[in-house]
Each structure stands twice: as C-alpha cells, then as structure tokens.
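Heads up: the protein sequence lines correspond to chains A and B, in order.
So the first sequence is residues 545 to 824, counted in the numbering used here.
So the second sequence is residues 545 to 824, counted in the numbering used here.
Everything labelled a hint here was simulated from the structure, so no lab data went into it.
Hints may be right or wrong, so weigh each one.
Intra- or inter-copy, both count: the list cannot distinguish identical chains.
As the list claims (entries may be wrong) - No more than 25 angstroms apart at the CA atoms, straight line, and that leaves these computed lysine-lysine pairs for BS3-like:
no.: 1; residue 1: K797; residue 2: K632
no.: 2; residue 1: K793; residue 2: K820
no.: 3; residue 1: K766; residue 2: K807
no.: 4; residue 1: K632; residue 2: K766
no.: 5; residue 1: K632; residue 2: K650
no.: 6; residue 1: K807; residue 2: K650
no.: 7; residue 1: K820; residue 2: K766
no.: 8; residue 1: K793; residue 2: K766
no.: 9; residue 1: K797; residue 2: K807
no.: 10; residue 1: K797; residue 2: K766
no.: 11; residue 1: K797; residue 2: K650
no.: 12; residue 1: K820; residue 2: K632
no.: 13; residue 1: K632; residue 2: K793
no.: 14; residue 1: K797; residue 2: K649
no.: 15; residue 1: K766; residue 2: K650
no.: 16; residue 1: K820; residue 2: K797
Values in this document were obtained by computation on a predicted structure and should not be read as measured data.
Here is what each chain is made of, one letter per residue.
There are 2 protein chains.
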Amino acid sequence: MMEIDRRRVGEAIAAFAALLASGRAPAMGGESPGRVAPSHDMSAMPAHWHGKERVAFLIYPGFTALDMVGPQYMFASLMGAKIDIVAKSLEPVRSDTGLIFTPSKKFDDALVDFDIFCVPGGTQGTLAAIRDEATVAYVREAGQRARFVTSVCTGSILLGAAGLLDGYRATSHWVTKPLLSIFGATPTDGRFVRDRNRITAEGVTAGLDFALSLVADLRDEKYAQGVQLLAQYAPAPPFNSGEPETAPKDVTKMIDGMFTQLKQDMREAAGAAYAKYNKP
Amino acid sequence: MMEIDRRRVGEAIAAFAALLASGRAPAMGGESPGRVAPSHDMSAMPAHWHGKERVAFLIYPGFTALDMVGPQYMFASLMGAKIDIVAKSLEPVRSDTGLIFTPSKKFDDALVDFDIFCVPGGTQGTLAAIRDEATVAYVREAGQRARFVTSVCTGSILLGAAGLLDGYRATSHWVTKPLLSIFGATPTDGRFVRDRNRITAEGVTAGLDFALSLVADLRDEKYAQGVQLLAQYAPAPPFNSGEPETAPKDVTKMIDGMFTQLKQDMREAAGAAYAKYNKP
C-alpha cells in the first residue's frame, strides 16, 4: 500500500511538473499551453488537481498593478484555469506606478459566469472608476454572476459602490476600511475577510494571502503549499510597519493624512453610485 | 523646539501627501507627474526624501511578472525617481503567466548609468534570455554601469551568465541557487544577499523584501516604513511552506522534481554564456 502510494505520488509529480514547467501559466485569450499534453497519463494525478476555472481580473487606468499581479501569480498556478484581464476597451491600460498592460477582453466580451472575479484597488484611478457608470455597471453584472466575488485593497470600495457588499462583512485598505459602511457592508478585521462568496483583502500585498488561501480551497492544502514554495513565499519584511497599529505613530499619521481628500471623494462617489444602482 | 519639530513634521506630511497622492508614481518615458509642484515648499521636507534615481527593470518573454511588479511598487514610491521598463524591442512582452506589458525603452535607448538595474526571473523564458546574445550583452553593459545591480529569483542566473556575479556572494530561487557557483558566485543564505553593489533576492516574492530594504537605504527608515504601511505589507501566508526547509518534504520534492531538466539546461546555457562573454 505504501509502495503504491509512493508510485502514485511520483506520477503526480511528473504530471504536475510537465504541466507547470512547460508553460505553467494558463494562457489568456484562447490558447492554453498550460493544459496537459494528450500523451500524459492524467489518471495518476489527483483528479481535483485539475480544474477548469474561469478567472477574471478587472483593470482600469490608475489601478495598482501589485493588487492584481500578486493574486494573478497564484491563480495562474491553478492547472486548467483560464485567466482574463478585463478592461473597458482593449487599449493598453496604465497602472498607478506607470506599468502598461494590454487587456485580453473588454467588458462586452467578458460577461460570463466567472469562477473568480477580482477587482484591484488604487487611489485616484479607483475613484475615477467608481465615477464611471460603465465600469460600475460591469462590476455589478460580473459580480452578480461570479462564483467568488473578490477584491484587493480599495477594490472593495468599487465592489461596494456596485452594491455587491450590502449585508456582507468585508475589509479594504486600512485607510478606506471605514468607508465600507456607506454601502451596507460591515468593516471586519482580518488579512482578508470571507463572507459567503465575497472575499475582500486588505491593502495591496494582502492579495497574495487571499489568493493562496483560495488556491487551497479550490485544490487542496498540498497543492497550495507547492505554489507557496514555488513563489518562495516566506516573507521577511525589514520593518514591522505593515499595519496602522504596528507602524510608528507618526508614520501612520503621515500616511493617513495623505488620503483625507481621497477618502472624502471616494465616500461621495461610492455613496452616489450605490444609491443610483441599488434603488429598491 | 518640540513645537517647531511638530510643525516641520506636519509640513513634511503635507508635501509627501501632495507628491504621492496626486500621481504618486514616478512616470515612465519622460513625463513626471510625481515630481513636486513648483508651488510647494520643499524646504519643509527632509531634503534626502527627494531623489533623482534612475531605475530600470529588464523584461523579456516569459519573465515572471511578480518578480518585477513587487519591487517596482516599492521603487515607484521613491519621490523623484524615474523608472524604465526595458526590453529588446518596444513590442509588448508576455510574462510567464500571460500578462502583457509594454516596455518604455529598448536596449539601445537604455544604455545609461542606472542607479538601480533589476533583472526578474522566470523558467523557460529566463533560459531563452540566457541563450540570447543581445540580452546577455545588454545585461552585462547595463550592469557594469549601474550603481546597484539587482535581481529577483532566477534573474541572478542571467546576471551570472553575463559575468556580473563573479567573486560575489549571491542567492537565487532555491531551486537554482546551486547553479550560482558555475559563474564564480558563492551561494549564500538570506532572503536577499547584498555583496558590495550586487543585491540578489531569492524566489519571486523576495523582491518585495529586497526592494523595501533598498528604499530604506536610499531614503531612511521612516520613509520605508511609510511605504510598507501604504502597501499594508504585513504578510500572513496561510501555510509555512515558503522555503524548502519548512515545506512538507514531499512538497519540496515535488517542486524540485519539476525543474530537473530546466536546471540542467540553465547550467549549460549560463556556463556557455559566461565562458563566451567573460574570457580574460
């Protein structure tokens, strides 16, 4: 029995290896080099290690690239999954740090029932997205149809503006977390907060933690541990300044003070969108 | 004195806020919305909080996006810095997980003395880059001219192939770390390893830690703590599986087994490039 298990593990490794090493990423836009080669004996691999999830990340001008690229790394390791990068048009989109991404789908071509729909955050760019009717309408429809509705950082403010967090516990970047209540969400502590099929992660880097955890849910713990090891995700921040409670007081005050106006603008814009799109 | 210091801190916050909140990113390609507005009183902000670093990230087909986007987030917060994304041509470049980036500069236009030159890793894509003469030649020249020569993940194998790690302590993704000795580097433990002006980070997510640490060196601890808080970088991985020593043994064996062929190919390619470009 032990021997059989060992052999099966060996075969699983070979299959996993062949899949991931030779174009480990599920491709966007149709082709899929990450799919198993027909010659491979899939029966040796745990059946649940291979899925067919459809994953979509929204992007918009001024979004924070790391909010999207962190989780995208994790979800790209889901064998058999297909990832789309969805924007208002197929024109390149510039992130808040100046990175330029080409989307794979535009709104009209991305109205499907995604398994994971993920909205990254940002500052002025997210505010502009909240004020953009077409973007909020797309988030609302894609979110209503998705199996998991997820966000990183201020992406939850966009989800809330679209009426998707009403009655849900949620989180956001610590700066914007208090805004959650304006659209009926309950601000809740946690690196990420899951309430039914809504998963909201706190600021920027929390996307890594939420996504790796969701990989474990969609496959299993061993699979996710493999992905973590592949990413060598053994973080060692040089300071203990990642949360407002652990950062030096003057640092927290400085960063919080940077966003007084943005918070007010987001509160108004999200409140207005929520009221407009969510009338009974 | 206390009052004066408080006022100065307040002014610094206002300046920092205005700079970062209104297009906090140093722009690519010439324009620079992140620069201070002329109306601002810069004398209130510590002079060393504003720099003029030139930062370049190499990208190439099949690179791992997270290796670049993590550090790019951190360096984009350096007030006054300018970041370029450099590739062989200005054509869009596809990452190993299918993300499509538009470079800001091509090799010929990016032969300047960068303050930070950073090379991300990958698997098959990095192997192809090591085999590409033009790419290795560019890495060699840009690296020889840079103030800090840095890498994330298997990016160090590309640095080494270009002869930039000969006689240096260095690290890499744990899978490829043993390869470092083929081009005269000494494999060394650490989330990232700094030896003189070479800084090599281990796999993928280690880019966040090395870059935040370098932000502290280039500005100061308080500045870097502010950036960490902005990124809410208080990581909480769901498992303790980020290093080969802490992951379950069968998981480490599985992931290591995925790369047997790649390691052999990288060893040959990097050894050949090193011998060719680094003859006495």
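Regarding K797 and K766, is the shortest C-alpha distance of 25 angstroms or less found within a copy, between copies, in both, or in neither? between (41 angstroms within a copy, 12 angstroms between copies)
What label fits K820 with K797 when the C-alpha limit is 25 angstroms: within, between, both, or neither? Neither: 34 angstroms inside a chain and 54 angstroms across chains, both beyond 25 angstroms.
Since the copies are identical, ignore which copy is meant and state whether K766 and K807 lie within 25 angstroms (CA to CA) inside a copy, between copies, both or neither. between (41 angstroms within a copy, 24 angstroms between copies)
How do K793 and K820 come out at 25 angstroms by Cα distance, when the copy is not named: within, between, both, or neither? neither (39 angstroms within a copy, 54 angstroms between copies)
Check K807 against K650 for me: Cα-Cα at most 25 angstroms, and say if that holds within a copy, between copies, both or neither. Result: close neither inside a copy nor across copies, 29 angstroms intra and 39 angstroms inter.
Alpha-carbon proximity context of K797 and K649, limit 25 angstroms: neither (40 angstroms within a copy, 38 angstroms between copies)
Since the copies are identical, ignore which copy is meant and state whether K797 and K650 lie within 25 angstroms (CA to CA) inside a copy, between copies, both or neither. neither (39 angstroms within a copy, 41 angstroms between copies)
Since the copies are identical, ignore which copy is meant and state whether K797 and K807 lie within 25 angstroms (CA to CA) inside a copy, between copies, both or neither. within (15 angstroms within a copy, 48 angstroms between copies)
Give the relationship of K793 and K766 under a CA distance limit of 25 angstroms: within one copy only, between copies only, both, or neither. Cα proximity of K793 and K766: across copies only (11 angstroms, versus 40 angstroms in one copy).
From the Cα coordinates, with 25 angstroms as the cut-off, is the pair K632 and K766 best called within, between, both, or neither? For K632 and K766, neither the intra-copy (37 angstroms) nor the inter-copy (39 angstroms) Cα distance is at most 25 angstroms.
Pop the pair K632 and K650 into one bin, within, between, both or neither, using alpha-carbon distances up to 25 angstroms. within (5 angstroms within a copy, 28 angstroms between copies)
With identical chains, the pair K820 and K632 could be close in the same copy or across copies; at 25 angstroms between alpha carbons, which is it: within, between, both, or neither? The answer is within: 20 angstroms in one copy meets 25 angstroms, while 48 angstroms across copies does not.
Hint compliance for this structure: hints 1, 2, 4, 6, 7, 11, 13, 14, 15, 16 are not met, and every other hint is.
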